[in-house]
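A.B. asks: These protein sequence lines are chains A and B, in that order. Be aware that the first sequence starts at 1, since it is given in our numbering, and climbs by one per residue. Be aware that the second sequence starts at 1001, since it is given in our numbering, and climbs by one per residue.
Just so you know, these hints were derived from the structure itself, not from any lab. Check each hint, because a few of them may be wrong.
[Said to hold, decoys possible] Simulated DEER-style distance windows between Cβ atoms:
1. B/G1201 - A/K59: 37 to 47 angstroms
2. A/D195 - B/I1086: 45 to 55 angstroms
3. B/V1256 - A/Y244: 44 to 54 angstroms
4. A/Q224 - B/T1206: 50 to 60 angstroms
5. A/S55 - B/L1078: 26 to 36 angstroms
6. A/K191 - B/A1071: 45 to 55 angstroms
7. B/I1086 - A/T8: 26 to 36 angstroms
8. B/S1193 - A/P149: 51 to 61 angstroms
[Stated by the list, open to error] Here's a subset of chain A near chain B, in silico, CB distances under 7 angstroms, partners left out:
9. T48
10. P70
11. G77
12. R80
13. R86
14. N89
15. E95
16. G100
17. I102
18. M113
19. L114
20. L115
21. M117
It should be emphasised that the depicted structure is a prediction, and the values quoted were computed from it without experimental measurement. Note that CB positions come from ideal geometry on N, CA and C, so glycine has one too.
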Amino acid sequence: MLEINSVTKSFYGVNAIDKVSFHVEKGSITSLIGPNGAGKTTLINMITGVLLPTSGDIKFKGQSLIGLRPHQVGSLGIRRTFQTVRLFNGLSVRENLLIGRIRSLLGISWLQMLLPMNLGDMEGRRRADEILSLLELRDYADELATDLPYGIQRRVEIARALMGYPEFALLDEPAAGMNEGETDQLVEDVKRIRDTGVTVLLVEHDMSMVMRVSDTIVVLNFGQKISEGSPNYIQGDPQVIASYLGS
Amino acid sequence: MDILLSEPVQALVAINVLLTLSLLFPFAAGVWSLGLPGFMAVGAYLSTWLTMQMGWQVGPAIAVAGLAGAASTIPFALLTLRIRDIYLAIATLAAAELIVLFFSHFKPTGAVMGMTGMPYLEVHWLLILATGCVVASSLLYNSRFGKVLVAAGSDPMVAACHGLNMPTFQFASLAIGGLLAGMAGACFAHYYSFISPGNFGFHRTTDILMFLVVGGLTPLGAVLGAMILTTIPQVITSLEKWAPAMYGCIVLLMAVFRPAGLLPKNQLVKIFVTKKSDKNKSRRHLVSKDA
Chain A
1 MLEINSVTKS
11 FYGVNAIDKV
21 SFHVEKGSIT
31 SLIGPNGAGK
41 TTLINMITGV
51 LLPTSGDIKF
61 KGQSLIGLRP
71 HQVGSLGIRR
81 TFQTVRLFNG
91 LSVRENLLIG
101 RIRSLLGISW
111 LQMLLPMNLG
121 DMEGRRRADE
131 ILSLLELRDY
141 ADELATDLPY
151 GIQRRVEIAR
161 ALMGYPEFAL
171 LDEPAAGMNE
181 GETDQLVEDV
191 KRIRDTGVTV
201 LLVEHDMSMV
211 MRVSDTIVVL
221 NFGQKISEGS
231 PNYIQGDPQV
241 IASYLGS
Chain B
1001 MDILLSEPVQ
1011 ALVAINVLLT
1021 LSLLFPFAAG
1031 VWSLGLPGFM
1041 AVGAYLSTWL
1051 TMQMGWQVGP
1061 AIAVAGLAGA
1071 ASTIPFALLT
1081 LRIRDIYLAI
1091 ATLAAAELIV
1101 LFFSHFKPTG
1111 AVMGMTGMPY
1121 LEVHWLLILA
1131 TGCVVASSLL
1141 YNSRFGKVLV
1151 AAGSDPMVAA
1161 CHGLNMPTFQ
1171 FASLAIGGLL
1181 AGMAGACFAH
1191 YYSFISPGNF
1201 GFHRTTDILM
1211 FLVVGGLTPL
1221 GAVLGAMILT
1231 TIPQVITSLE
1241 KWAPAMYGCI
1251 VLLMAVFRPA
1261 GLLPKNQLVK
1271 IFVTKKSDKN
1281 KSRRHLVSKD
1291 A
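Just need the whole structure built from these sequences, with the hints factored in.
C.D. replies: Laid out in structure tokens, this is it:
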């Protein structure tokens, strides 16, 4: 579904990502792991059009994503969350979700743009309720998103990413700052999201989570891919152990 | 209190409310444009020309002045593609000064001496226009479009990653600001029947900015800020020359005690939402009882 072909990104001559290639299979959960500074977020930013690769190609369902702007990538059905929680300040949870519907409305009618959020667009509100139920967030629907506890804000971010019926979701360190109970719930959430037909690319530090959810794991270190395989394979790979624990 | 109901105060309040709303929309969207006096000057001079030279009625002239104000934001909009934040503020400030500088040297509009003799506009028309714009702005601010602006102001990159084309929304917010400023400029011209480049200086931006800071970044906040700060120096006329010092103290006190302004959130929505979630909570309570 997503093909990354020898992508390189250099900042002022330093290669943050160096000829990385891998594929993400449709319907799978693929994890991207690696020590701090390995280039995981840089790679996500290139997929979503925030950064332009120095060389190489990124294809989504056969279409190149190189040179597309973030909103164009977003409307192809690729949605993401962010490493630090970045919810919209001053909007409720439901409004945060519905914002992701608006671009598609633009094509239909300018009149709908001028209506309040809770009028019209039955389909959008039904979808929002569906996702809020899926992630068990219904109780918080009308609260201001930025007033909620941190762990819940993280799940609202995921809910927002799912709003536009994405085929592909990029989750950037969703477990960061979560306690064990919250992480367990997150593992369930990610599996449920995959079961609704969304392909997931997960960037994560939390090994226990990665080993529990992933179908395939890609390991980066200093911008290069050092290993790729199933969780069992990765756990036994001497190169991965060396890069995490030092040789 | 009679002074509050006097016509000059009403006119000043109406014009300042329009100007504060014109600054609200770009600011809510995170576009820190300070081009307001430029758009205002465009509206004022165009409306003057239309009524005095072309024999238009005041009403249509004000409407066209608003549209011209919106059109004059296009070069400013192009700036937003290249620069943002404080750099955009400085660049738009300079661009607005250029517009005003043009009128200071343009002989047909009287250069620095300005123009006089425009048809007079009754105060009640100003009040009707201002009220209409307040209602329209509140509706727009709470519409989907307004929510996108708030999202853009909160985090434009995240909004873009959710499929929203940021430049179009930022351009639209600037154009709405230009429309309101253009109409305010035309109202200014027709109420005072005198305009000169000196009316559209930097002090205009700082005054309006202060109204918005004190009121808060919502339509009702903008209206409240403009009304309170416009009337304070008028109520205590003997203190009028102290107005700048009073404004300074008020802004400092606000910065310390209420940095987000008097009405930072939409109060109507807040009341509605609290009610609703209270209902939810009681329902949750019932559910747990059943279980």
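A.B. asks: None of the hints should be skipped; say for each whether it holds.
C.D. replies: A quick look at each hint next to the structure:
Between B/G1201 and A/K59 the C-beta distance comes to about 55 angstroms, which lies outside the given range of 37 to 47 angstroms. At about 47 angstroms, the beta-carbon gap between A/D195 and B/I1086 stays in the expected band of 45 to 55 angstroms. Between B/V1256 and A/Y244, the C-beta spacing of about 49 angstroms keeps the proposed range 44 to 54 angstroms intact. Range check, A/Q224 to B/T1206: about 54 angstroms between beta-carbon atoms, so the 50 to 60 angstroms window is met.
Between A/S55 and B/L1078 the Cβ separation comes to about 31 angstroms, which falls inside the hinted range of 26 to 36 angstroms. The hinted window of 45 to 55 angstroms between A/K191 and B/A1071 holds, with their beta carbons roughly 54 angstroms apart. In this structure the supplied range 26 to 36 angstroms holds for B/I1086 paired with A/T8, their Cβ-Cβ distance being about 34 angstroms. Our hint of 51 to 61 angstroms for B/S1193 and A/P149 holds, since their Cβ atoms are close to 59 angstroms apart.
Here the hint on A/T48 is kept, as its CB sits about 6 angstroms from the closest CB of chain B, short of 7 angstroms. Hint status for A/P70 relative to chain B: holds, with the closest Cβ pair at about 4 angstroms, below 7 angstroms. This hint is violated: A/G77 has a C-beta 9 angstroms from the nearest C-beta of chain B, more than the 7 angstroms allowed. Look at A/R80: its Cβ gets to within about 6 angstroms of chain B, closer than 7 angstroms, so that hint holds up.
Proximity of A/R86 to chain B holds as hinted, the smallest CB-CB distance being about 5 angstroms (cut-off 7 angstroms). With a least beta-carbon distance of about 4 angstroms to chain B, the hint placing A/N89 at the interface is held under the 7 angstroms criterion. Interface hint at A/E95: satisfied, since its Cβ lies 6 angstroms from the closest Cβ of chain B, which is below the 7 angstroms cut-off. A distance limit of 7 angstroms between C-beta atoms decides the matter here; for A/G100 the minimum to chain B is near 4 angstroms, and the interface restraint holds.
For A/I102, the suggested interface contact is upheld, since its CB lies about 6 angstroms from the closest CB of chain B, less than 7 angstroms. The criterion of a C-beta within 7 angstroms of any C-beta in chain B is met by A/M113, whose closest approach is roughly 5 angstroms, and the hint holds. Hint status for A/L114 relative to chain B: holds, with the closest Cβ pair at about 5 angstroms, below 7 angstroms. About 6 angstroms separates the beta-carbon of A/L115 from the nearest beta-carbon of chain B, less than 7 angstroms, and the hint is met.
A cut of 7 angstroms between beta carbons decides the hint on A/M117: the least distance to chain B is about 6 angstroms, and the hint holds.
In terms of the numbered hints stated before, the structure departs from hints 1 and 11, listed from lowest to highest.
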